[in-house]
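Participant: Residues per chain are reported as follows:
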Amino acid sequence: MEKKYLLFALCSLMTMSFISCDNDDDPKPGIPTESSTTGVYFLNAGKLDSNNSTLDYYNPETKDLTTKVFATENGRGLGDTANDMLIYGSKMYIAVNKSATIEVTDLSGKSLKTINPKDESNVPQQPRMLTAAGGNVYVTLFDGHLACIDTTSMEIVKKVKVGPNPEGVCELNGKLYVANSGGYNLVQDSTLSVVDMNTFEEVEKIVVTINPKTIQKDDKGNLYVLSLGNWGDIGNELQRLNVATGDREVIAANSQIVSTLCNDKIYIYSAKQENWVVTGYDFKVYDIEKGKIEEKSFITDGTKVENTYCMSSDPVTGNVYIGTSDYTSTGDMFIFSAEGKLVNQVALSGLNPMGAYFLTTQK
Amino acid sequence: MNQNGMQYISIKRLPGLLCAWLFPFAALYAQVDTTTYHQLSGVEVVGKVRPSVTRESTPLQVMDKAGIERLGVQDLSEAVKRFSGVTVQDYGGIGGLKTVSVRSLGAKHTAVSYDGVTVTDAQSGQVDISRFSLDNVDMISLSIGQADDIFQTARMYASAGALNIKTSQPVFTDRSCHLKAQVKAGSFGLVNPYLRYEQKLGKCLVATGQVDWLRADGRYPFVIQNEQKEESGKRINSDIQTLRTELNLFSDLGKGGELNLKGYYFDSERGLPGSVILYNDYAKERLWDKNYFVQGYYKKQFESNFSLQVQGKYNYSWNKYVDFNNNYTEGKQEDRHTQREYYISAGGLYTPIEHLSFSLTTDFSVNTLKNNLPACPFPTRYTSLSVLAAQYKDNRLTTTVSILNTFIAEKVKTGDKPSDRKRLSPSVSASWRVLPEQNLRIRASFKDIFRVPTFNDMYYLRIGNTNLKPERATQYNIGMTWGDSPSSALSYLNLSVDGYYNRVRDKIVALPTLYIWKMMNMGEVAISGIDANLSAEISCFDFVSFLLQGNYTWQKAIDITNESAKNYRDQIPYTPRHAGSASLSIQNKWLNVSYLLSCAGDRYSLPQNIKENRIDRYIEQTISVNKEFSLCNFKLRLQGEVLNVGNINYEIIKYYPMPGRSYRILVSCYF
Numbered sequence: 001m002e003k004k005y006l007l008f009a010l011c012s013l014m015t016m017s018f019i020s021c022d023n024d025d026d027p028k029p030g031i032p033t034e035s036s037t038t039g040v041y042f043l044n045a046g047k048l049d050s051n052n053s054t055l056d057y058y059n060p061e062t063k064d065l066t067t068k069v070f071a072t073e074n075g076r077g078l079g080d081t082a083n084d085m086l087i088y089g090s091k092m093y094i095a096v097n098k099s100a101t102i103e104v105t106d107l108s109g110k111s112l113k114t115i116n117p118k119d120e121s122n123v124p125q126q127p128r129m130l131t132a133a134g135g136n137v138y139v140t141l142f143d144g145h146l147a148c149i150d151t152t153s154m155e156i157v158k159k160v161k162v163g164p165n166p167e168g169v170c171e172l173n174g175k176l177y178v179a180n181s182g183g184y185n186l187v188q189d190s191t192l193s194v195v196d197m198n199t200f201e202e203v204e205k206i207v208v209t210i211n212p213k214t215i216q217k218d219d220k221g222n223l224y225v226l227s228l229g230n231w232g233d234i235g236n237e238l239q240r241l242n243v244a245t246g247d248r249e250v251i252a253a254n255s256q257i258v259s260t261l262c263n264d265k266i267y268i269y270s271a272k273q274e275n276w277v278v279t280g281y282d283f284k285v286y287d288i289e290k291g292k293i294e295e296k297s298f299i300t301d302g303t304k305v306e307n308t309y310c311m312s313s314d315p316v317t318g319n320v321y322i323g324t325s326d327y328t329s330t331g332d333m334f335i336f337s338a339e340g341k342l343v344n345q346v347a348l349s350g351l352n353p354m355g356a357y358f359l360t361t362q363k
Numbered sequence: 001m002n003q004n005g006m007q008y009i010s011i012k013r014l015p016g017l018l019c020a021w022l023f024p025f026a027a028l029y030a031q032v033d034t035t036t037y038h039q040l041s042g043v044e045v046v047g048k049v050r051p052s053v054t055r056e057s058t059p060l061q062v063m064d065k066a067g068i069e070r071l072g073v074q075d076l077s078e079a080v081k082r083f084s085g086v087t088v089q090d091y092g093g094i095g096g097l098k099t100v101s102v103r104s105l106g107a108k109h110t111a112v113s114y115d116g117v118t119v120t121d122a123q124s125g126q127v128d129i130s131r132f133s134l135d136n137v138d139m140i141s142l143s144i145g146q147a148d149d150i151f152q153t154a155r156m157y158a159s160a161g162a163l164n165i166k167t168s169q170p171v172f173t174d175r176s177c178h179l180k181a182q183v184k185a186g187s188f189g190l191v192n193p194y195l196r197y198e199q200k201l202g203k204c205l206v207a208t209g210q211v212d213w214l215r216a217d218g219r220y221p222f223v224i225q226n227e228q229k230e231e232s233g234k235r236i237n238s239d240i241q242t243l244r245t246e247l248n249l250f251s252d253l254g255k256g257g258e259l260n261l262k263g264y265y266f267d268s269e270r271g272l273p274g275s276v277i278l279y280n281d282y283a284k285e286r287l288w289d290k291n292y293f294v295q296g297y298y299k300k301q302f303e304s305n306f307s308l309q310v311q312g313k314y315n316y317s318w319n320k321y322v323d324f325n326n327n328y329t330e331g332k333q334e335d336r337h338t339q340r341e342y343y344i345s346a347g348g349l350y351t352p353i354e355h356l357s358f359s360l361t362t363d364f365s366v367n368t369l370k371n372n373l374p375a376c377p378f379p380t381r382y383t384s385l386s387v388l389a390a391q392y393k394d395n396r397l398t399t400t401v402s403i404l405n406t407f408i409a410e411k412v413k414t415g416d417k418p419s420d421r422k423r424l425s426p427s428v429s430a431s432w433r434v435l436p437e438q439n440l441r442i443r444a445s446f447k448d449i450f451r452v453p454t455f456n457d458m459y460y461l462r463i464g465n466t467n468l469k470p471e472r473a474t475q476y477n478i479g480m481t482w483g484d485s486p487s488s489a490l491s492y493l494n495l496s497v498d499g500y501y502n503r504v505r506d507k508i509v510a511l512p513t514l515y516i517w518k519m520m521n522m523g524e525v526a527i528s529g530i531d532a533n534l535s536a537e538i539s540c541f542d543f544v545s546f547l548l549q550g551n552y553t554w555q556k557a558i559d560i561t562n563e564s565a566k567n568y569r570d571q572i573p574y575t576p577r578h579a580g581s582a583s584l585s586i587q588n589k590w591l592n593v594s595y596l597l598s599c600a601g602d603r604y605s606l607p608q609n610i611k612e613n614r615i616d617r618y619i620e621q622t623i624s625v626n627k628e629f630s631l632c633n634f635k636l637r638l639q640g641e642v643l644n645v646g647n648i649n650y651e652i653i654k655y656y657p658m659p660g661r662s663y664r665i666l667v668s669c670y671f
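These protein sequence lines map, in sequence, to chains U and V.
According to UniProt numbering, the first sequence is numbered sequentially starting from 1.
According to UniProt numbering, the second sequence is numbered sequentially starting from 1.
The set of hints was computed from the structure by calculation and includes no laboratory data.
Do not rely on the hints blindly, as some may be mistaken.
Claimed, not checked - Computed list of lysine-lysine pairs in DSS-like fashion (alpha-carbon distance at most 30 Å, straight line):
{"no.": "1", "chain 1": "U", "residue 1": "K68", "chain 2": "U", "residue 2": "K272"}
{"no.": "2", "chain 1": "U", "residue 1": "K158", "chain 2": "V", "residue 2": "K627"}
{"no.": "3", "chain 1": "V", "residue 1": "K229", "chain 2": "V", "residue 2": "K166"}
{"no.": "4", "chain 1": "U", "residue 1": "K113", "chain 2": "U", "residue 2": "K158"}
{"no.": "5", "chain 1": "U", "residue 1": "K113", "chain 2": "V", "residue 2": "K566"}
{"no.": "6", "chain 1": "V", "residue 1": "K589", "chain 2": "U", "residue 2": "K68"}
{"no.": "7", "chain 1": "V", "residue 1": "K284", "chain 2": "U", "residue 2": "K284"}
{"no.": "8", "chain 1": "U", "residue 1": "K63", "chain 2": "U", "residue 2": "K118"}
{"no.": "9", "chain 1": "V", "residue 1": "K229", "chain 2": "U", "residue 2": "K272"}
{"no.": "10", "chain 1": "U", "residue 1": "K118", "chain 2": "V", "residue 2": "K234"}
Stated by the list, open to error - Beyond 10 Å from chain V on every Cβ pair, some chain U residues (computed):
{"no.": "11", "residue": "K47"}
{"no.": "12", "residue": "R76"}
{"no.": "13", "residue": "V96"}
{"no.": "14", "residue": "K110"}
{"no.": "15", "residue": "S121"}
{"no.": "16", "residue": "D150"}
{"no.": "17", "residue": "Y184"}
{"no.": "18", "residue": "I210"}
{"no.": "19", "residue": "K292"}
For glycine and all other residues, C-beta sits at the position ideal for the given N, C-alpha and C.
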């Protein structure tokens with residue numbers, strides 16, 4: 001734990017040096033290159049209605065896992081169904097869906113503030129996914145809103161209406177792209193809402209494959225949208241969307257897809273189901289430069305990873321984190337090097353890992 | 001019931017009266033196995049048969065009206081919790097769902113019958129026992145495996161365990177009408193008035209009518225543990241209002257047989273508080289239910305060795321579920337379901353020679369479901385069940401063999417339909433009195449049964465799966481029973497111990513496939529356990545009697561689905577290793593007092609047996625006092641209870657906290 005405090009001090013210091021910026025939590029005014037990963041958080045959603053979301057901390061150097069960090073730091077649990085997490089500047093933001101809270105913590109997981117988003121009728125709004133851009137943090141609210149959180153006051157300062165049941169959100173060239181899943185509707189939604197960051201208004205909608213879930217971007221002006229399909233004849237599809245030209249190309253389609261974008265590569269888990277049973281799966285790499293999926297499997301050392309549930313990648317080391325879940329027992333996190341060799345496998349404290357989130361420092 | 005009560009008191013004082021086999025009003029648990037029931041001469045037997053639990057070749061537990069009143073239980077689930085080998089899944093509060101699971105097989109393997117006809121819910125497959133009132137109940141019994149009564153509907157053979165609810169038939173001696181008026185009130189806004197009228201309409205026709213209305217706001221306080229912190233709050237959105245009415249006609253046509261008709265109506269509206277969610281107490285789900293049924297029963301005895309029995313039922317049930325939530329574009333989701341059932345059962349009992357009898361019963365039913373969900377396939381299920389049973393029964397030996405044939409076909413308007421299902425299910429049981437002079441019996445039984453996938457399992461929007469196979473349950477039981485009546489001070493002492501082994505295969509579970517859940521046959525559970533029951537009555541000085549009853553269950557119910565899973569061989573959720581209950585009632589002429597205790601050991605809320613999933617053990621205690629006053633034909637009963645005396649915070653289902661200390665009073669008059 002001591003190491004974490006050290007880290008926190010370091011990060012606070014780092015933040016202090018960027019005080020010139022109008023929002024004192026904006027971490028990247030000078031764009032120095034990230035050069036080391038000092039810690040990794042794993043967020044476990046737990047099971048719905050079980051109040052068992054947990055946060056684990058992994059030290060990539062010692063390979064030690066510290067479980068249930070949030071509970072240890074705060075003497076209370078995260079709540080029910082933590083869905084997404086963001087590390088930005090000196091703070092971390094955890095969207096806890098069913099508890100309808102956004103926990104803002106320091107880098108050691110100590111809660112600084114709990115945000116309870118509520119609509120005009122004072123009904124809780126459930127936060128889903130987070131992103132940061134331009135000194136602010138943005139969170140999708142499942143009642144069909146995108147909210148902007150001021151990182152200093154740690155309060156929601158504005159909200160804009162988007163499509164139904166928004167999931168992922170991603171910033172590209174001054175615009176925020178929101179995946180409208182419409183998951184509660186009989187027929188799901190098939191659009192991304194485009195919100196102008198300056199005016200904070202929805203300016204257009206872009207049609208994608210039905211039931212969009214996550215959005216990631218590369219540095220060439222492309223968005224990668226994973227749509228989950230209609231649970232029927234349309235399966236999961238990972239699409240590349242060129243925002244400038246409007247071109248959209250499906251780069252992977254299967255019964256189940258999980259993916260993570262890491263610099264110039266996308267790691268894709270793709271599984272085939274027959275009668276809802278997985279009959280075959282692979283892990284492949286999509287080369288953004290070449291615009292195609294490489295032939296060979298990502299995992300090169302023969303490690304078997306069953307029940308893939310989430311994938312994350314460390315932008316500094318290029319390590320790929322694959323979280324697994326069988327929905328009944330606590331999950332595991334498999335850590336692979338960029339070369340596809342198993343670095344470590346750790347047993348998580350909770351069910352249903354949502355991802356790995358990285359503490360990085362500049363040298 | 002005053003006649004019954006009066007008889008009960010007077011007969012209790014008859015020395016050496018051992019019989020409970022035919023005698024309906026014997027004390028609770030006074031089931032002394034005896035072959036000397038002919039001693040009953042001189043006592044009026046009103047024609048109700050109470051089975052002897054020690055004589056049964058499969059475990060049977062009975063609680064009759066006298067026992068219910070003596071213990072002061074007012075709710076069916078409270079009564080069922082007194083039985084061993086049973087878990088009542090209780091979501092807390094008056095409006096909370098309560099289902100019965102026998103020996104960890106799951107609630108969907110338990111049949112619930114109301115006056116001989118099973119109550120079914122083809123959609124969910126389980127019966128919420130909180131909707132039945134105890135006020136007009138004459139006897140409840142729970143049988144595990146195949147009960148010895150071979151003259152039952154085929155449906156009663158088609159489950160692993162059965163909870164039978166038998167309602168009271170009026171008894172007229174001097175007057176031709178009776179009226180019972182009763183009010184219950186209690187903590188958390190409970191008010192429950194009840195009115196019952198019984199009328200004799202000539203020599204062979206009797207009618208009863210009753211109505212009861214219940215309301216409660218159910219806003220009870222709770223405390224739950226949130227890591228190192230305690231979170232306290234009040235249950236919200238837990239209000240309930242129900243109306244129940246029932247009409248009964250009993251006719252004895254002499255040689256023409258016996259014909260009973262029943263009409264039942266139930267209407268309720270309730271809030272669903274849901275589980276306690278940390279930091280978010282928003283709960284706006286509501287449920288409306290309407291259910292009515294008419295059922296008939298006809299029985300005729302031909303000559304001395306053949307009788308015929310026909311039962312039929314039409315059932316209509318409707319419910320509306322509304323979830324007011326800003327996640328829906330419309331601000332709410334509304335689901336409406338309508339189910340209908342047409343059911344007929346006909347059977348014959350043939351006794352060619354003394355001790356030997358055969359029964360053949362056939363049931364046919366049609367179940368339909370309609371709802372407003374998209375892609376509702378409007379399924380119709382045709383079920384044909386036929387059972388052939390043979391029984392040999394003498395003073396020392398009872399053996400029963402039965403075979404059930406099931407045929408199920410289903411029709412849908414859209415989408416896939418399951419293939420027809422055919423199956424033969426056998427059961428065998430035996431009970432043997434070891435020594436002629438000692439009332440010690442050993443018993444053994446085997447039953448192989450299954451449950452068909454429910455409509456929800458097969459057709460529910462997106463998660464339903466029409467490829468499901470039935471979930472199979474195999475039960476083995478071996479046990480001993482012993483009963484004696486050693487002296488006038490120790491009126492009786494009964495003991496039974498059973499060891500069992502169950503296996504559930506092709507368990508139907510909801511399995512997620514990354515982004516969506518689907519119902520699958522995926523799971524195998526091995527259950528071994530021991531049930532022990534003890535009951536005794538001690539009488540002192542002719543005016544005080546102590547009734548003692550206790551039971552204990554040890555159970556190892558482990559998941560053996562997948563050797564590589566982290567929960568392999570872990571105890572399945574909500575199944576305590578140790579559980580038990582005990583009660584002591586003190587009967588005297590001044591004030592009757594009962595003390596009830598139930599406890600359960602640590603359980604797990606999720607399949608993995610880790611600390612985080614553990615639900616702590618608890619002991620719940622209730623004290624009940626009652627007093628009856630009689631004046632000529634008028635009888636007044638006053639009763640008061642303190643439930644959860646220790647004000648223990650406990651949960652049966654994780655994050656559905658149970659109420660703390662609460663109070664209830666009852667005033668009832670009968671004339």
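Participant: Taking the hints in turn, state whether each one holds.
Facilitator: Hint by hint, here is what the structure shows:
no.	hint	verdict
1	U:K68 - U:K272	violated, 34 Å
2	U:K158 - V:K627	violated, 66 Å
3	V:K229 - V:K166	violated, 47 Å
4	U:K113 - U:K158	holds, 18 Å
5	U:K113 - V:K566	violated, 36 Å
6	V:K589 - U:K68	violated, 60 Å
7	V:K284 - U:K284	violated, 45 Å
8	U:K63 - U:K118	violated, 40 Å
9	V:K229 - U:K272	violated, 45 Å
10	U:K118 - V:K234	holds, 21 Å
11	K47	violated, 6 Å
12	R76	violated, 5 Å
13	V96	violated, 8 Å
14	K110	holds, 14 Å
15	S121	violated, 8 Å
16	D150	holds, 21 Å
17	Y184	violated, 5 Å
18	I210	holds, 13 Å
19	K292	holds, 25 Å
Checked against the numbered hints above, the structure breaks hints 1, 2, 3, 5, 6, 7, 8, 9, 11, 12, 13, 15 and 17 and satisfies the rest.
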